[in-house]
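Chain residues, written in single-letter form:
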Amino acid sequence: EADIYQTPRYLVIGTGKKITLECSQTMGHDKMYWYQQDPGMELHLIHYSYGVNSTEKGDLSSESTVSRIRTEHFPLTLESARPSHTSQYLCASSDWDRATDTQYFGPGTRLTVL
Amino acid sequence: SQQGEEDPQALSIQEGENATMNCSYKTSINNLQWYRQNSGRGLVHLILIRSNEREKHSGRLRVTLDTSKKSSSLLITASRAADTASYFCATDARGGGNKLTFGTGTQLKVEL
Chain D
1 EADIYQTPRY
11 LVIGTGKKIT
21 LECSQTMGHD
31 KMYWYQQDPG
41 MELHLIHYSY
51 GVNSTEKGDL
61 SSESTVSRIR
71 TEHFPLTLES
81 ARPSHTSQYL
91 CASSDWDRAT
101 DTQYFGPGTR
111 LTVL
Chain F
1001 SQQGEEDPQA
1011 LSIQEGENAT
1021 MNCSYKTSIN
1031 NLQWYRQNSG
1041 RGLVHLILIR
1051 SNEREKHSGR
1061 LRVTLDTSKK
1071 SSSLLITASR
1081 AADTASYFCA
1091 TDARGGGNKL
1101 TFGTGTQLKV
1111 EL
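Top to bottom, those sequences are chains D and F. Take the first sequence: its position 101, counting from 1, is numbered 101 in my numbering, and each next residue is one higher. Take the second sequence: its position 64, counting from 1, is numbered 1064 in my numbering, and each next residue is one higher.
For reference, chain F alone in the conformation it holds in the complex (with noise of 0.2 Å):
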């Protein structure tokens, strides 16, 4: 099964306002990464976490670790429409050779 699952799976809101979007994990990790895809195209980095911090800012975008729980959670802030775009998690495990496991991604669809 996925290392990582997020939720909710898809997310449409209005420009402006903020966009939640959370990830779950099975495993000890050295770090949790976020990733944005635009439809068809490759995926860009936008933000990692190590897991000895709790929370992280850059930008509009704010990611929470809670390694008690494994899981995290990322905020985008004052939204877009040019947000709009597929977000996944990645999770770095402990002995797993610095491989990435994505979770199931988080459509978001931010409208004007």
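Same shape as in the complex, but just chain D (with noise of 0.2 Å):
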């Protein structure tokens, strides 16, 4: 079992509130993810971060924020949440200094805005 923890493991919130859903490692590992998935629907890659103050954003344009402060955490924050950020949320992570790129995965949040 990985041991990466995502909170809250779901959310129901109305629109216009500022959400942040959290993503913690204690593997020290230096890359994080963060993918959105819609039910039963291939992953995307929304924002991901090489190591601490490093932040990308990924292949799929998303309205949301990240930062990385420290090493285990990688939060996502939405400003003001919207009907279509309803989705799941997947938090990864891997190991920098091994030459494949193994990912660990979170439990997911699932976010519903009303």
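Don't read these hints as lab results, they were simulated from the structure. Treat the hints with care, since some could be wrong.
Calculated pairs, SDA-like style, for lysine to any residue (alpha carbon to alpha carbon, straight line, at most 25 Å) [as the list claims (entries may be wrong)]:
{"no.": "1", "chain 1": "F", "residue 1": "Lys1109", "chain 2": "F", "residue 2": "Glu1005"}
{"no.": "2", "chain 1": "F", "residue 1": "Lys1056", "chain 2": "F", "residue 2": "Val1110"}
{"no.": "3", "chain 1": "D", "residue 1": "Lys57", "chain 2": "F", "residue 2": "His1045"}
{"no.": "4", "chain 1": "F", "residue 1": "Lys1109", "chain 2": "F", "residue 2": "Ser1068"}
{"no.": "5", "chain 1": "F", "residue 1": "Lys1099", "chain 2": "D", "residue 2": "Lys18"}
{"no.": "6", "chain 1": "F", "residue 1": "Lys1099", "chain 2": "D", "residue 2": "Asp38"}
{"no.": "7", "chain 1": "F", "residue 1": "Lys1099", "chain 2": "D", "residue 2": "Pro75"}
{"no.": "8", "chain 1": "F", "residue 1": "Lys1099", "chain 2": "D", "residue 2": "Asp59"}
{"no.": "9", "chain 1": "D", "residue 1": "Lys18", "chain 2": "D", "residue 2": "Thr102"}
Examples of chain D residues lying across from chain F (beta carbon under 7 Å, computed) [stated by the list, open to error]:
{"no.": "10", "residue": "Leu43"}
{"no.": "11", "residue": "Phe105"}
{"no.": "12", "residue": "Pro107"}
From chain D, some residues computed to sit far from chain F (all C-beta separations above 12 Å) [said to hold, decoys possible]:
{"no.": "13", "residue": "Ile4"}
{"no.": "14", "residue": "Gln6"}
{"no.": "15", "residue": "Arg9"}
{"no.": "16", "residue": "Val12"}
{"no.": "17", "residue": "Gly14"}
{"no.": "18", "residue": "Thr26"}
{"no.": "19", "residue": "Lys31"}
{"no.": "20", "residue": "Glu42"}
{"no.": "21", "residue": "Ile69"}
{"no.": "22", "residue": "Asp101"}
{"no.": "23", "residue": "Arg110"}
{"no.": "24", "residue": "Val113"}
Note that beta-carbon positions come from the ideal geometry of N, C-alpha and C, so glycine has one too.
Using the supplied hints, reconstruct the complex from the two chains, each of which is provided in its own coordinate frame.
What follows is the structure, given as structure tokens:
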């Protein structure tokens, strides 16, 4: 079982609210990722980080923002939630020093915006 | 368009049968990985095959890779009801900065 945690697991919130999805890992991994996944669909990379103070946008455009102030912590923030943000958000991490990029996933946060 | 596309989209088999899933991709890769996702959960890494490998085994899993056809297959032998899940291939594209691109997934249902 991977040591990567996400909170909350489920969140139902009204339009216009600011939300932060938490992700933390205890494996000391430099690389962290956020994916968005609609039910039964593929994962889309929305943000990634190669280390502290490093953040990049992924392949899928997202209105969310991320920060990486500590190695173990990679929170995702939506300033003003909208129904179109309803989805599952998955956080993952991997070890920069390894030659292969095996990613370890958290359990996900299922977000519903009313 | 997606780097990885999988077929079939869904597969239903009886316990004890073998399950085969296929993945096609578009660009040159460093490696290809298979992940499993139980409903509503995160993904779990199953197996990785490098671009210079053609076949790899892990327990009841067998993965093949054909870089000339840009395709891979995952075989689960002697399936069990607990194998019911979605299975995704993910490619680490050459020059892609070690980011993974996930396929569309195959939903496998193993019935008793």
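Checked hints:
no.: 1; hint: F:Lys1109 to F:Glu1005; verdict: holds (19 Å)
no.: 2; hint: F:Lys1056 to F:Val1110; verdict: holds (23 Å)
no.: 3; hint: D:Lys57 to F:His1045; verdict: holds (24 Å)
no.: 4; hint: F:Lys1109 to F:Ser1068; verdict: violated (31 Å)
no.: 5; hint: F:Lys1099 to D:Lys18; verdict: violated (29 Å)
no.: 6; hint: F:Lys1099 to D:Asp38; verdict: holds (20 Å)
no.: 7; hint: F:Lys1099 to D:Pro75; verdict: holds (19 Å)
no.: 8; hint: F:Lys1099 to D:Asp59; verdict: holds (10 Å)
no.: 9; hint: D:Lys18 to D:Thr102; verdict: violated (32 Å)
no.: 10; hint: Leu43; verdict: holds (4 Å)
no.: 11; hint: Phe105; verdict: holds (3 Å)
no.: 12; hint: Pro107; verdict: holds (5 Å)
no.: 13; hint: Ile4; verdict: violated (8 Å)
no.: 14; hint: Gln6; verdict: violated (8 Å)
no.: 15; hint: Arg9; verdict: violated (9 Å)
no.: 16; hint: Val12; verdict: holds (15 Å)
no.: 17; hint: Gly14; verdict: holds (23 Å)
no.: 18; hint: Thr26; verdict: holds (15 Å)
no.: 19; hint: Lys31; verdict: violated (7 Å)
no.: 20; hint: Glu42; verdict: violated (5 Å)
no.: 21; hint: Ile69; verdict: holds (22 Å)
no.: 22; hint: Asp101; verdict: violated (4 Å)
no.: 23; hint: Arg110; verdict: violated (7 Å)
no.: 24; hint: Val113; verdict: holds (18 Å)
Hints 4, 5, 9, 13, 14, 15, 19, 20, 22 and 23 from the earlier list are contradicted by this structure; the remaining hints agree with it.
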